[in-house]
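Residue numbers (the numbering used here), protein chains in the order written: chain W, 452 to 739; chain H, 5 to 561; chain Y, 5 to 370; chain V, 309 to 506.
Don't take every hint at face value.
[Unchecked claim] Think about it this way: if two alpha-carbon atoms lie no more than 20 Å apart in a straight line, the pair counts; the simulated SDA-like pairs of lysine to any residue are:
hint	chain 1	residue 1	chain 2	residue 2
1	W	616	W	583
2	V	471	W	540
3	H	559	W	540
4	Y	151	H	326
5	Y	151	H	324
6	V	429	H	559
7	Y	99	W	511
8	V	471	W	475
9	W	568	Y	99
10	H	439	Y	102
11	V	473	W	544
12	Y	99	H	37
13	V	471	V	481
14	W	568	Y	129
15	H	559	W	514
16	H	37	W	544
17	V	471	W	542
18	H	37	W	524
19	V	471	W	511
20	Y	151	W	540
21	H	37	W	511
22	V	357	H	259
23	W	568	Y	177
24	W	568	Y	118
25	H	559	W	511
26	Y	272	Y	129
27	V	473	W	616
28	V	471	W	686
29	V	473	W	701
30	W	568	W	701
31	V	429	V	408
32	H	559	W	616
33	Y	272	Y	232
[Said to hold, decoys possible] Computed footprint of chain H on chain V; a stretch qualifies when at least three of its residues, placed anywhere within it, have a C-beta under 8 Å from a C-beta of chain H:
hint	stretch
34	348 to 359
35	478 to 488
Hints in this document: simulated from the structure, not taken from any laboratory.
From a predicted model like this one, the values you see are computed outputs, not experimental measurements.
All C-beta atoms in this analysis are idealised placements derived from N, C-alpha and C, irrespective of residue type, glycine included.
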Amino acid sequence: MSSAESRSHKSEATRSTIHLPAPTAWPIVLAFGITLLLAGLVTTTAVSLLGAILAVAGLVGWFRDVLPQEQEETIEVRVEATVVSTSRREVARLPVAPDLPRALLPLETYPVSAGIKGGLAGSVAMAVLACLYGVLKEGSIWYPINLLAATVYTQSVHLSIASLKAFHLDSFLLATGIHLLTSLLVGLLYGAMLPMIPHRPIILGGLVAPILWTGLLHSFLELLNPLLNQLISWPWFVASQFAFGIVAGLVVVRQEQVRIRQLVPFLMRAGFEAPGLMKERADKDEPR
Amino acid sequence: MSSESIALGTVIESARPIGERLHDWVVTVDHKKLGILYILYALFFLVVAGIEAIIMRIQLIVPHNHFVSPQTFNRMMTMHGTTMIFFMVMPILFGFGTYLIPLMIGARDMAFPRLNAFSFWMTAFGGLLLYFSFIGGNGLYGAGTAPDVGWWAYAPLTSRAFSVGHSTDFWTLALLVSGIGSIGAGVNFIATILCMRCPGMTLGKMPLLAWLNLVVGGMVIFCISPLTAAQIMLCIDRYLGGHFFDTQAGGSAVLWMHFFWIFGHPEVYILVVPAFAFVSEIVPVFSRKPIFGYPIMVAATIAIGFISFSVWAHHMFTVGMSAYGNSFFVFTTVAIAVPTGIKIFNWLGTMWGGKILLRVPMLFCIGFLFQFLIAGLTGIMLGTAPFNWQLSGSYFVVAHFHYVIVGGIVFALFGAFYYWYPKMSGRMCNETLGKWHFWLFLIGFHLTFDFMHIPGILGMPRRIYTYEPGRGWELWNLIVTIGAFFQAAAILVFVVNLLWSLRKGEPAGNDPWDAWTLEWSTSSPPPDYDFATTPVVRSRRPLWDLKHPEDPDWKYE
Amino acid sequence: MRKASTADADSEVRQARQVRSLAREVAAIAALLPGVLLAATLCFGAPADPSQIPSIFRPQSTPANSILHLSLLVLAITGAIFAVVFSLLAYSVRKFRQRDGDDGREPAQVYGSNQVELAWTVIPILIVLVLFLATARVIHSIQDAPKPAGAIEVIAIGHQFWWEFRYPTLGVVTANELHVPASNPANSTPTFLTLLSADTDHSFWVPQLAGKTDLIPNRSNHIWIDPQETGVYLGQCAQYCGTQHAKMLLRVYVDSPQQFDEWVREQKRLWVSNDTVAEGRRIFETTACVNCHAVAGTVADGRFGPDLTHLMSRDTIAAGAAPNTRENLRAWIEQPDSIKPGSLMPAMQLNEKDLEALTDYLETLR
Amino acid sequence: MSSAAYTRTTAEPEWVLPSRGRVGMFSLIGAESAVFTIFVVAYIFYIGKSVAGPTPADVLELPILSTICLLSSSLTIHLAVRALHQAKVGAFGLWWFVTMALGTIFLVSTGREWHHLIYDKGLTVSTNLFGTTYYSLVGLHAFHVTVGLLIIALAMVFTLFRKVKPEHGERAEVFSLYWHFVDVVWVIVFTVVYIIGR
């Protein structure tokens, strides 16, 4: 719509008639024509011919409708006092934020970066423990890495114990990828969920969550990673999960909680809107 | 107020000769009339395709049944699928979109009113052309034949060698015709939503229905076109002796599959996103809370729109793609569960802490949430390729997509019917009949589609006109057929309710649900010009602002 | 919301009544389902023989078994998601349902929670990651499995409404009933199938042995199976291929290695001339039969229809549509539509005598 | 129970929305490009897969002249629209006519190429996969050129009758978007058919 049209919008308000596009039969004629044109392919040529004629007629008629000016009909406005009302006048407020009519919860939280930092720190802690296990128990730092890669990598399933202790570049890359991605995501989750836990987030996030998670994994590890399931050492596994949980949790809760920027529109923050559209926010503070 | 003016309007309307009133509907370019035309047309085809489904279910009630011949069964299955997708669900969603979008964004009509009429009539004539095949299609023996190649019409079954006569041509041409209409509707949706918003309605303040239909518009233009292109190729093959899908001359059957599913999968989202839109409007109103996480809902929808174009080959896990190809499509397929999950959680978040009013529209929305959850989960099962090798092409997959389309989309649609019926007709739908409809349909739905998963797991392929006894499928097929009759009964109640309420329903008034979007600020049904004065909005819930002047939304958005 | 006033007491009574009526509704539905099930069970009497049910949950071969393992993982995860989300839904409908004693206020208007949104974005991503990794491994383990030296090779060709099986290394051709040797872990003899199509798309699906794979013209696909238990495994075409898609049945006979060798020997044997059926043979070889069917060692070498050299070694005819009895064979020749309407086998329009003679002849093809 | 009259606020910022003609045309172009993508993909997929001759290398020649004509028509239509925006109706008519002429040259040379291929080289839609994909892709593009030329001719007629006024600049511009799109598609078709495929 051009600016000319939007001007006409404004002036309409004062008039008692409204212009609307006039009814027209040409669209249906054109549609029927095109359908017949194609229907001729499955019946006889005469149908196509008729369809072509109708389609051309429809097109010509349509063009005459919109060229040079669009046909319009004028409709009288039946002025009614439109009344908007509600039976629910009062609005309850949240007990936690009685001074905020609209709330984004929770009111304070860790920044997203806290979760990322926590995840990275946790991933290092976990990796150190896992590799320690590899070196101490199996005599190879690559052993746990190859085991982890077997989650996705079929070839590792067929590896012998000896070659599990050797370095495989593909396994290494896969395992690193899986480890980092998962750690980051879990870190983000910690950042999001630890503030929801009122007391001793470290106990829950660092100890209880890993135990729950390990228990869950214990039940379906055979399906997820058969190789790991055969060769796993559960005490070390639990220990490395604890290491992740405690380190990630500590890093997260040591970050400062920031107040959520209540109700700054996302689209504005993202610079999404066309300029000029947000102007009415200027009168946000003055009561109307 | 408005109830009297409606009564008056009805008197004037019925005083005019019927021919003239009919003429008005044929030549109309008014988005409200066209919307209603779309809806009525789709309801007609709902009944037609429903009858086809019932015929199939009767045939399958016991093994080795002789209710219909295999040829008839195959036609029924093809026509049921094609009709339901292209001539029932799509038109009805376009109908609601056409009716509601201008009203919700404070416009007087669509951006291209004549194109709107053209789109509707193309869709309508497409459907008629398809059904003309029953009498006009010259089959092998000269008798009328409907297409029988399945709704996805895999090559080379559609080639001249395997499909003589014109039945496949009817299918192709009908979809070509209606496809042009759909693309027109998509273009119109986009232009309307972007260019016709009333002052103050920035993109961030549009109702979610408008946002979601904007995404639908985008998906329509990018996914119906590949289908149209593929249909043109099929026509070239069948009429000009081309070899696109001619396997004898080096053509590829798999290419058709790719082209079809590049259309076919986004199509699912074209159908389901408007259903999301209905739910996103109804759930807040009946929970008395704004939608939870509006920006994230929008972002999730856009994400779904994009990802849906990269998942098509999960319909083709069984065609022998390489392991890497399969893995890629597994990844995109399960990835789409993330934005979809976000949407479900956000609807739950909207209900949480609200005051949920269990009227019929809300009942249907809760049904939607429950069934769409299950549909999504069976979707994950089908999305993991190895599981898919067992499940695809079986009754499990039939149950899955009916869960999406009936349990999800149609439930949301019925919710939308009960919710906006007062706006369209000026009268409320009968609540008691509505509840009967809901419970009957719910029971029928679950009888049919819950139990339909089981024969799939037991190895029953889809699209078979009969099956062998002794494979453990008999019981489940019987239950499924019984459920189909429950659903038919529910649809009957629904139609009765629509007709009864049109005459006898309680007058609705402008705003029967105490809702917040612009369509409820005008009379029911709205005048030709929608709004006497162009509304100006300052928030996502303009009517909330007016109802609560001391605590308006615009202060916080 | 609990205040001591008569109005509230009233509303509580109403509320209780409402809850009761809801409970009744639920109970009615709950009662209906078992009722239907019971009625249906009575109608059908005893359930089918379990060994005849081609359930994907009773795998008998490595690929099907790997799939089942993955399926269990997926089912566990989706089941857990269902339990969580469904409880949330049920709880919020129950807890936040508007009661009669409502104070008429709008509830607190909450716009959202970045925290929760982040949580319910990250958790699904983690789940997706786990699912994807496990799935990718199973895909590779099935699709990229190495072919051991002892593998049997079979070329399976889908035709409109029947299956052709060729054993290129063994020189055997058969139809509809695939014979494979049982494989044992110590001495693995899996069967590797190359899937081709002679006309339209088909799909090879024996649920207990492997997932389905399509047979597509102009393309060759591959699957493998290594069943360990002898027996007959049922399957059928799983890709719509035309009118008689429903009766394109598939039987896989898993024989012990000795039985399998015996079967191969039998199949390689040529038909032995038998004077008592010379008339039937003449009819067979002078009518259109030979255009489509082959009998090794005779002039019949058509390939549109199944190879009939050892017809009587099969348990079924017409791609499993009927047991291979004399009556069925005769009916099949006389009027194929009576068994399989729409199949490509034409009715041969033979008179009674010729029909009998021809059936006699076919019955000697062992 | 409270009520508030539904009225407009007085302070109203300038409300500007995108032009529906342009948005509509861009949407249509989006749809069309999806159609072309499918045809191009089919063409590329089938390069070298024909089971019988002739091959592209045997029969295709680079259509340099017609390509130059079509591409330069993009420039002339741009000049025409600019002239109309500046209210120079005469200049508009001239550039518009040049556009029409260039488009016609393109179409005629495509016709000559097809004639040559069909009658001299014996390549038809049904000859082989190359024939099928070639005629479909080039034909689809030629169809779009034809539709464009018909609209251009129509506008030309209006121009001759002096019905075209500067206020139609918006419509001319929207149409020119279509024409530019057809040109861009030709660049792709040219690359795929005459360079990669040969």
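Status of each hint after checking the structure:
1. W:616 with W:583: Measuring from Cα to Cα gives roughly 14 Å; hence the hint holds.
2. V:471 with W:540: violated, 59 Å
3. H:559 with W:540: holds, 18 Å
4. Y:151 with H:326: Given that 20 Å is the threshold and the Cα spacing comes to 17 Å, the pair holds.
5. Y:151 with H:324: With a Cα-Cα distance of about 17 Å, the restraint between residue 151 of chain Y and residue 324 of chain H holds, given a limit of 20 Å.
6. V:429 with H:559: violated, 74 Å
7. Y:99 with W:511: violated, 62 Å
8. V:471 with W:475: It is violated: about 23 Å lies between the C-alpha atoms, which goes past 20 Å.
9. W:568 with Y:99: Distance of about 38 Å is beyond 20 Å: violated.
10. H:439 with Y:102: holds, 17 Å
11. V:473 with W:544: violated, 60 Å
12. Y:99 with H:37: Status violated; Cα separation ~41 Å.
13. V:471 with V:481: Holds - the C-alpha atoms of residue 481 of chain V and residue 471 of chain V are around 17 Å apart, at most 20 Å.
14. W:568 with Y:129: At roughly 19 Å apart (the allowed maximum being 20 Å), residue 129 of chain Y and residue 568 of chain W satisfy the hint.
15. H:559 with W:514: Given pair residue 559 of chain H, residue 514 of chain W is violated - Cα atoms ~47 Å apart, limit 20 Å.
16. H:37 with W:544: violated, 42 Å
17. V:471 with W:542: Outside the cut-off at roughly 61 Å; violated.
18. H:37 with W:524: Between residue 37 of chain H and residue 524 of chain W the Cα gap is close to 16 Å, so the pair holds against 20 Å.
19. V:471 with W:511: holds, 17 Å
20. Y:151 with W:540: violated, 75 Å
21. H:37 with W:511: violated, 25 Å
22. V:357 with H:259: holds, 13 Å
23. W:568 with Y:177: violated, 66 Å
24. W:568 with Y:118: holds, 19 Å
25. H:559 with W:511: Distance of about 51 Å is beyond 20 Å: violated.
26. Y:272 with Y:129: Cα-Cα ~57 Å, so violated.
27. V:473 with W:616: Measuring from Cα to Cα gives roughly 82 Å; hence the hint is violated.
28. V:471 with W:686: violated, 88 Å
29. V:473 with W:701: Violated. Residue 473 of chain V to residue 701 of chain W sits at ~73 Å, over the 20 Å cutoff.
30. W:568 with W:701: Holds. Residue 568 of chain W to residue 701 of chain W sits at ~10 Å (cutoff 20 Å).
31. V:429 with V:408: Outside the cut-off at roughly 30 Å; violated.
32. H:559 with W:616: violated, 63 Å
33. Y:272 with Y:232: violated, 25 Å
34. 348 to 359: holds (count 6)
35. 478 to 488: violated (count 0)
Consistency with the previously given hints fails for numbers 2, 6, 7, 8, 9, 11, 12, 15, 16, 17, 20, 21, 23, 25, 26, 27, 28, 29, 31, 32, 33 and 35, ordered from lowest to highest.
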